[in-house]
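Undergrad: The residues making up each chain are set out below.
2 protein chains.
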Amino acid sequence: MSRKPASIEHCPIARVTELLGDHWALMILREAFLGTVHFGQFETHLGIARNILSGRLKRLVDAGLLDRVPCPDDRRVHEYRLSPSGRALHPVLIALAQWSQRWLGDACEALQIVERSSGEAVRPVVVQAADGRTLDLREIAMVPGPDAAPEMAERYRMAMRASKRASSKGAGGDG
Amino acid sequence: MSRKPASIEHCPIARVTELLGDHWALMILREAFLGTVHFGQFETHLGIARNILSGRLKRLVDAGLLDRVPCPDDRRVHEYRLSPSGRALHPVLIALAQWSQRWLGDACEALQIVERSSGEAVRPVVVQAADGRTLDLREIAMVPGPDAAPEMAERYRMAMRASKRASSKGAGGDG
Numbered sequence: 675m676s677r678k679p680a681s682i683e684h685c686p687i688a689r690v691t692e693l694l695g696d697h698w699a700l701m702i703l704r705e706a707f708l709g710t711v712h713f714g715q716f717e718t719h720l721g722i723a724r725n726i727l728s729g730r731l732k733r734l735v736d737a738g739l740l741d742r743v744p745c746p747d748d749r750r751v752h753e754y755r756l757s758p759s760g761r762a763l764h765p766v767l768i769a770l771a772q773w774s775q776r777w778l779g780d781a782c783e784a785l786q787i788v789e790r791s792s793g794e795a796v797r798p799v800v801v802q803a804a805d806g807r808t809l810d811l812r813e814i815a816m817v818p819g820p821d822a823a824p825e826m827a828e829r830y831r832m833a834m835r836a837s838k839r840a841s842s843k844g845a846g847g848d849g
Numbered sequence: 675m676s677r678k679p680a681s682i683e684h685c686p687i688a689r690v691t692e693l694l695g696d697h698w699a700l701m702i703l704r705e706a707f708l709g710t711v712h713f714g715q716f717e718t719h720l721g722i723a724r725n726i727l728s729g730r731l732k733r734l735v736d737a738g739l740l741d742r743v744p745c746p747d748d749r750r751v752h753e754y755r756l757s758p759s760g761r762a763l764h765p766v767l768i769a770l771a772q773w774s775q776r777w778l779g780d781a782c783e784a785l786q787i788v789e790r791s792s793g794e795a796v797r798p799v800v801v802q803a804a805d806g807r808t809l810d811l812r813e814i815a816m817v818p819g820p821d822a823a824p825e826m827a828e829r830y831r832m833a834m835r836a837s838k839r840a841s842s843k844g845a846g847g848d849g
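If you read the sequences in order, they're chains A and B. Quick note on numbering: the numbering used here labels position 60 of the first sequence as 734, and the sequence is numbered without any gaps. Quick note on numbering: the numbering used here labels position 65 of the second sequence as 739, and the sequence is numbered without any gaps.
The set of hints was computed from the structure by calculation and includes no laboratory data. Think of the CB as a built atom: it goes at the ideal place given N, C-alpha and C, for glycine as much as any other residue. One or more hints might be untrue.
Unchecked claim - With a straight-line Cα cutoff of 25 Å, these simulated DMTMM-like cross-link-like pairs (lysine to aspartate or glutamate) come out:
#  : chain 1 : residue 1 : chain 2 : residue 2
1  : B       : K732      : A       : E692
2  : A       : K732      : A       : E789
3  : A       : K732      : A       : D748
4  : A       : K732      : A       : D747
5  : A       : K732      : A       : E717
6  : B       : K732      : B       : E692
7  : A       : K732      : A       : E692
8  : B       : K732      : B       : D747
9  : A       : K732      : A       : E753
10 : A       : K732      : B       : D747
11 : A       : K732      : B       : D696
12 : B       : K732      : A       : E813
As the list claims (entries may be wrong) - Which chain A residues stay away from chain B? Per the calculated CB distances, all over 10 Å, these:
#  : residue
13 : R724
14 : L727
15 : K732
16 : D736
17 : G738
18 : C745
19 : D748
20 : R749
21 : R750
22 : E789
23 : L809
24 : M826
25 : R829
To be verified - Stretch by stretch, here's where chain A covers chain B in the computed footprint (C-beta under 8 Å, at least three residues):
#  : stretch
26 : 711-723
27 : 747-754
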């Protein structure tokens with residue numbers, strides 16, 4: 675991680691990966707989505723060493739994903755609560771859980787994600803066009819925006835050309 | 675990571691996190707989505723050490739996310755191509771990119787994710803009810819499935835009760 679090529683300098687996926695590309699960061703967020711707020715609960719539920727937990731919580735607070743707030747019942751104690759940006763990650767977590775149950779096989783029905791009021795399963799998370807049609811991967815393109823670094827803009831254009839070639843060759847089934 | 679509490683043993687998010695909760699795993703997948711297939715291209719684009727890249731590619735191939743296939747032009751060389759399960763991760767990657775652009779601030783318009791045919795931006799990735807309504811986080815529940823470990827089932831039930839309490843107290847705005 676010493677050299678950072680220009681092509682990933684301004685990439686939004688690279689930036690989020692710096693933050694979430696860590697086993698514990700994702701597991702802590704999962705816990706937070708399940709309602710865990712206290713340091714000791716995170717520790718017990720995750721089986722994580724206190725010093726590691728402490729560091730990871732601080733990073734998530736610094737990044738604005740968790741808010742560290744005094745506990746209403748005892749203001750000497752703090753709680754870690756999902757901030758608006760943390761809560762906005764729920765489609766990512768749910769898409770990950772659905773993917774895992776679909777593709778990682780075993781324990782397939784350990785978890786069901788449902789609409790609270792009806793108990794009905796939610797839909798699989800998909801990418802949709804502006805009019806709501808579900809898009810498969812071949813129908814989606816990443817294009818440089820106005821603020822793209824020149825090298826990254828070139829990468830996106832190359833990727834677009836490559837995937838056009840692949841599509842016109844009628845490349846295999848979509849995932 | 676020595677102790678693994680029963681509560682996370684069968685959790686689908688925990689399983690996917692073992693696999694993807696790694697800075698490089700996500701960055702390699704991002705590269706693959708951008709059309710990178712050759713070892714040397716991954717190396718240059720990511721600025722990653724060869725031994726680390728080699729290990730991470732092997733893990734992704736072993737996990738079935740990438741296929742290692744002979745290059746059509748030179749069968750002594752191998753390419754790393756997204757498998758169906760790797761391709762099926764695209765809603766996760768796109769949701770991450772959208773979240774990053776929305777919440778991590780700077781370089782907000784570096785990347786646009788569009789429908790290839792129209793050039794129109796795709797919708798933000800959301801979680802939808804069976805009938806297609808967009809659900810916010812408070813309207814979603816995780817409930818134990820038939821294969822849930824008993825401890826995990828209890829966790830989901832506790833989380834459900836806690837979030838019900840929070841909703842009935844009219845907890846703040848949704849993320």
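Undergrad: Give a verdict on every hint.
TA: Hints, one by one, checked against the model:
no.	hint	result
1	B:K732 / A:E692	holds, 21 Å
2	A:K732 / A:E789	violated, 32 Å
3	A:K732 / A:D748	holds, 21 Å
4	A:K732 / A:D747	holds, 22 Å
5	A:K732 / A:E717	holds, 14 Å
6	B:K732 / B:E692	holds, 15 Å
7	A:K732 / A:E692	holds, 15 Å
8	B:K732 / B:D747	holds, 22 Å
9	A:K732 / A:E753	holds, 12 Å
10	A:K732 / B:D747	violated, 50 Å
11	A:K732 / B:D696	holds, 19 Å
12	B:K732 / A:E813	violated, 29 Å
13	R724	holds, 13 Å
14	L727	holds, 12 Å
15	K732	holds, 18 Å
16	D736	holds, 13 Å
17	G738	violated, 7 Å
18	C745	holds, 14 Å
19	D748	holds, 18 Å
20	R749	holds, 18 Å
21	R750	holds, 22 Å
22	E789	violated, 5 Å
23	L809	violated, 6 Å
24	M826	violated, 7 Å
25	R829	violated, 6 Å
26	711-723	holds (count 4)
27	747-754	violated (count 0)
When held up to the earlier numbered hints, the structure conflicts with 2, 10, 12, 17, 22, 23, 24, 25 and 27 and fits the remainder.
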